[in-house]
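Got two chains here, each in a separate frame; can you build the complex from them with the hints?
Residue numbers (our numbering), protein chains in the order written: chain A, 1 to 233; chain B, 1 to 254.
It is worth saying that the hints were derived from the structure and are not from the lab. Hints are not guaranteed to be accurate.
Below, a sample of chain B positions facing chain A; criterion: calculated Cβ distance under 7 Å [claimed, not checked]:
hint	residue
1	M1
2	I198
3	V204
From the structure, some residues in chain A lie toward chain B, with a derived Cβ separation under 7 Å [to be verified]:
hint	residue
4	A79
5	M83
6	P86
7	L90
8	V161
9	S165
10	A168
11	T172
12	F182
13	G185
14	S189
15	I198
16	G201
17	I202
18	V206
19	A209
Only a predicted model underlies this, so the values are computations on that prediction, with no experimental measurement involved. Heads up, the beta-carbon is just placed ideally off N, CA and C, and yes, glycines get one too.
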Amino acid sequence: MILADSSSSSSPLHFWGYFLDHRAEDLRWLWDHTYLSLIPVVIGLVIALPLGWLSRRYGWLYPPMVSISGLLYTIPSIALFVMVPPLLGLKSLDPLQVPIALTVYSVALLVRVVADGLASVPEDVAQAATAVGYKRLSLLFRVELPIAVPVIAAGLRVATVSNVSMVAIAGTIGQENLGRLFDQGKQLSTTGPYYPPIVLGIVLCVLLALTFDLLIVFGTRMLTPWRRAVVGR
Amino acid sequence: MIGDVLTWLNDPAHWRDTRVDKGIPTQLQTHITFTLIALAIALALALPLGLFIGHTGRLTFLVTAANALRALPTVGVLVLLTVIISPHFHGRTDLGFVIPTEIVLVFLAVPPILSNTYAGVQNVSAAARDAAAGMGMTGTQVLRKVELPCSLPLIFSGFRSATLQVIATATVASYVTLGGLGAFIYDGLQQQDFPQMIGGGVLVALLALLADLLLATIQRYAVSRGISGRFSTKSVIPADAATAQVRTAEASTV
Chain A
1 MILADSSSSS SPLHFWGYFL DHRAEDLRWL WDHTYLSLIP VVIGLVIALP LGWLSRRYGW
61 LYPPMVSISG LLYTIPSIAL FVMVPPLLGL KSLDPLQVPI ALTVYSVALL VRVVADGLAS
121 VPEDVAQAAT AVGYKRLSLL FRVELPIAVP VIAAGLRVAT VSNVSMVAIA GTIGQENLGR
181 LFDQGKQLST TGPYYPPIVL GIVLCVLLAL TFDLLIVFGT RMLTPWRRAV VGR
Chain B
1 MIGDVLTWLN DPAHWRDTRV DKGIPTQLQT HITFTLIALA IALALALPLG LFIGHTGRLT
61 FLVTAANALR ALPTVGVLVL LTVIISPHFH GRTDLGFVIP TEIVLVFLAV PPILSNTYAG
121 VQNVSAAARD AAAGMGMTGT QVLRKVELPC SLPLIFSGFR SATLQVIATA TVASYVTLGG
181 LGAFIYDGLQ QQDFPQMIGG GVLVALLALL ADLLLATIQR YAVSRGISGR FSTKSVIPAD
241 AATAQVRTAE ASTV
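The following block holds chain B by itself, in its conformation from the complex (with noise of 0.2 Å):
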């Protein structure tokens, strides 16, 4: 079985399209492009909304909230979406299927990223903050220089968490008649294609990696190596004691 899932990933007619059938790498272009829309929604909306809630102590509320939308089940949010909303499309547009698939995505993106940004800046010592208050920085340079920077470590693991779960949903957008990796899961089930099925499933798995590696990377040239712990040379504060504080506020927001 593992050979035929080989032979179906390495046969160059699955890499391109045909009338009938999409390749593998448009498939995998529709994929990004819809979990880049999303992420990029629910960025612009969490990390601001996060910042705030941390800076100012107000609206925790709405972290709670965001939360308990993880008790919903996606699939049955994104075939309800999609059966209210598509039929107000008319025509040659997937429009009616995408929409319901991006709000899905969005809320699922926007809690883990909310609540770590949220926690992130909670989580930056007082004793920086106060620092940074005596020499004179107003609210929003507090904000903007030291409780952002500190807290991008955890803001990070959010967005990880975040991309990971986007890809794997968009995945099951698929299964409503959408393009992207899961169609060759999808359509391999529904054409008994086994080989097909599987593949798609290593296809996703494969961009899930790969994102998180991506992020990973950047993470670690955007964190300031005074918050990482990370010197170049021999360091002289141990790095463990450095991290410890962010491990165990990463460990209580999983």
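Only chain A is shown next, with the shape it has when bound in the complex (with noise of 0.2 Å):
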């Protein structure tokens, strides 16, 4: 048993021999799957900042905003992926369909967030700001969004650990990712139980959501030092 063949072993911890075996297409998988869940969410805080900044300013924009992004992330992924091609006008199976409809959840959630990240900002904090001389923008960008950070953070925590899932979705759809490795999976274990792909994918897919979690808790803590000033004391 020991001269088996490493490629044909089809022990669920032989994925790190498949991972070897097909380096080129796993990675490439792997890249398409890192910039399919992370653009969405870049876009999306794009798009979010400004209407999440509007429904806090003007707060009659506040219920309807909340209730029309509610209603958007009502729609399953997988339904809202087959239905954008034909309402943008799109080929039926578009490599845009997935970002497009991944940035369409991102603001959905984010919008929300953002308001109420602002909306956590301290009055008195504002008004002291005010009397110091900032003006409208400078007071939003220097004094109001640091202070939302975490709340916002939390957001972008919960968009891309679920845009990670949902990409993986649209693999099934026949979109280039981490999803393929499990339809390469089901498709080897007509005969019998072929676990490495599947394994790997599931693996990758989790190493790829706890590197973004990470990399956002660290930024966060970057961009508040004030803090861990309070803590340390």
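Put into structure tokens, the structure is as follows:
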């Protein structure tokens, strides 16, 4: 058994050998998965920041914003994936359909998070900043947004982690990403269980989600040095 | 393309079963059955556990552990469990596919219900709890008559997000050769029949929206008006103040 061909082992623990055997393909999928999960969150945040600020600034905008984003968040990801192309006039299987759908989810989640984050700024802090001469824009960028960072970061963590899982779902409708590994595993298991690609896919997805999570936590620490100062005292 | 999708949805042939293909009503029924079974099991597990953890403050690590499960890619776990379980079933049964699917759906539905129930009980104001104890209620009575009704809004929001996730993932279950509305999506993809694929997506989205609307309606009548701040006549207490606490709690558990 020791001499068994390494590439034919179907043991679940053989996923590393499987990775080495198909390195070029797996690394390409890992990279696709990375930017497919990340770019929608970045674009989503860029869109959500002004919308969240508006719904904070003009209170009557908040309830409709929350209802619309809740409604969008209700639509299951696989349904949104297939509905995006006809609604935007794209081809039925377009590489853009996944990032567009995920951007919609990210905006829906983050608009509310940004508004709640800005609302978490204590009133006296905003008044003190105004009193020492901050105008509306500099007040937003140099006082309110930094204070809202922890709340917004918590929303970003939820958005990226759920994106990693939803990108894998897009793999089942033929989009290129780590989800293809599950498809491979399923097809290779028609005669008997063949675990390596499935386990490899799960391991890489979890590692990717954990990496994003750690990066956001680390970024939050870097952006909010005053929180450590308070804890350290 | 939108016209083709409407034509597909409107074609009576797609609304009845044939020898080879199941129609929309049958697949809808399958989808709903999968969803209901998973939700019933998840509720039976997570609600008592969440109430217990929130009431006693013990075993809180279970909430953290359940939330960590959310990092797992659901498709991957679904395929893995199917590959593990299905070879043990032979003959004319699809239990080998139903069981792994239901396990994944229950695993998905437990974390939101558990963490929201826990957060809901935790968020009940200490004053209300102390007043109840002061009136002579026992621990179980406080839980049943004060903490449970007060945390209902959060429990409902957890149950609603669990329902949506289960409906969404039951769609992906069609990918491992089970029925349900997802069958239209994956069959359409395989046959390059895009109106069918998109039509399936529209049906899933409609089911999710209707389910959420139904639960929102039930929530409206199940939650005490004293908690939701919704009064039939003009309210004396500003509704915003009463719901603000609940809203912040909801936001922190998304």
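Against the structure, the hints come out as follows:
no. : hint : verdict
1   : M1   : holds (4 Å)
2   : I198 : holds (5 Å)
3   : V204 : holds (4 Å)
4   : A79  : holds (4 Å)
5   : M83  : holds (5 Å)
6   : P86  : holds (4 Å)
7   : L90  : violated (9 Å)
8   : V161 : holds (6 Å)
9   : S165 : holds (5 Å)
10  : A168 : holds (4 Å)
11  : T172 : holds (5 Å)
12  : F182 : holds (4 Å)
13  : G185 : holds (6 Å)
14  : S189 : holds (5 Å)
15  : I198 : holds (5 Å)
16  : G201 : holds (5 Å)
17  : I202 : holds (4 Å)
18  : V206 : holds (6 Å)
19  : A209 : holds (4 Å)
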